[in-house]
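Let the hints inform the model, and build the full structure from the sequences given.
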Amino acid sequence: MELWQHVGFVLCVALATFAQNATGFAFGLLLLGLTGMLGLAPMETVANVSSILTLTNALIMVRTWPGLPRGLGWVVLACSLAGVVGGVHLLALLGTHERAMLQVVLGVTIVLCSFMLVLQSQRRERVSGTFSFACFASVSGVMGGLFSSAGPPLVYQLYRQPLAVQVIRDTLIVVFAANALMRLSVVVITHRFELQAAYLALEALPVVFILTWWMRRHPLKLSARVLRLAVFGLLLLAGASLIGKVLIAG
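If you count the sequence shown from 1, position 250 lands on 250 in this note's numbering, and the numbers rise without skipping.
These are computed hints drawn from the structure, not numbers from a lab. Warning: the hint list may mix true and false statements.
As the list claims (entries may be wrong) - Once the Cα atoms are required to be at most 25 angstroms apart in a straight line, the calculated SDA-like pairs of lysine to any residue come out as: (1) Lys245 - Leu11; (2) Lys245 - Leu93; (3) Lys245 - Gly67.
Structural data, given as structure tokens:
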């Protein structure tokens with residue numbers, strides 16, 4: 001990578017960190033979308049960087065086992081971890097034979113998640129059943145394996161439940177940490193982890209920590225709706241540009 005690519009990567013990390021702090025998710029998707037749009041680094045490398053950053057951040061933030069019913073919590077963890085393994089193997093398959101298709105899948109995923117961000121979900125009166133959680137957790141796991149971005153489906157599912165915000169946050173932190181650890185373990189064991197990802201993660205960590213620290217102590221004086229719309233615009237632009245690049249090249 002040349003100097004301008006490193007500078008561009010750090011700026012993308014800063015924008016993704018801003019989105020994460022503003023909305024509670026979208027870090028991995030936005031980082032992959034922006035770096036893919038600008039052609040800064042291979043998608044697989046950026047996904048590995050995102051896993052390292054997600055795991056590091058989660059380990060710092062985790063406090064206790066989430067207050068979900070114990071059986072439900074284990075179902076979410078098991079299904080999401082199984083999805084991660086499947087997603088990593090799917091990434092290897094598509095990355096080798098169908099790189100253009102993989103880019104389109106990422107673009108479509110980002111566009112769908114951008115709309116999920118602004119759609120208002122109605123809160124349920126009772127906690128959803130095990131099957132519902134298993135489905136959402138599995139989809140989240142596959143997304144985590146493919147793009148190191150497991151957040152959107154599970155975030156959407158949890159925030160529809162009649163649960164305390166702290167329970168939801170604790171659940172997401174534990175699941176994201178477990179998914180990131182599983183993903184990193186699989187890519188290392190299968191020899192798909194490259195040193196460039198470690199170097200880029202070291203480059204990005206100070207930006208993530210400093211910006212997160214600053215935003216927590218100096219909250220932006222903008223409404224949550226305005227922030228969500230801003231992140232929605234960034235995600236939509238990144239996703240549409242990825243799809244457009246493939247269509248134009250084809």
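Do the hints match the structure? See the list:
Of the pairs offered as hints, the one joining lysine 245 and leucine 11 holds, with about 21 angstroms between alpha carbons and a cut-off of 25 angstroms not exceeded. Of the supplied pair hints, the one linking lysine 245 and leucine 93 holds, its CA atoms being roughly 21 angstroms apart against a limit of 25 angstroms. The straight-line distance between the Cα atoms of lysine 245 and glycine 67 is roughly 44 angstroms, outside the 25 angstroms bound, and the hint therefore fails.
When held up to the earlier numbered hints, the structure conflicts with hint 3 and nothing else.
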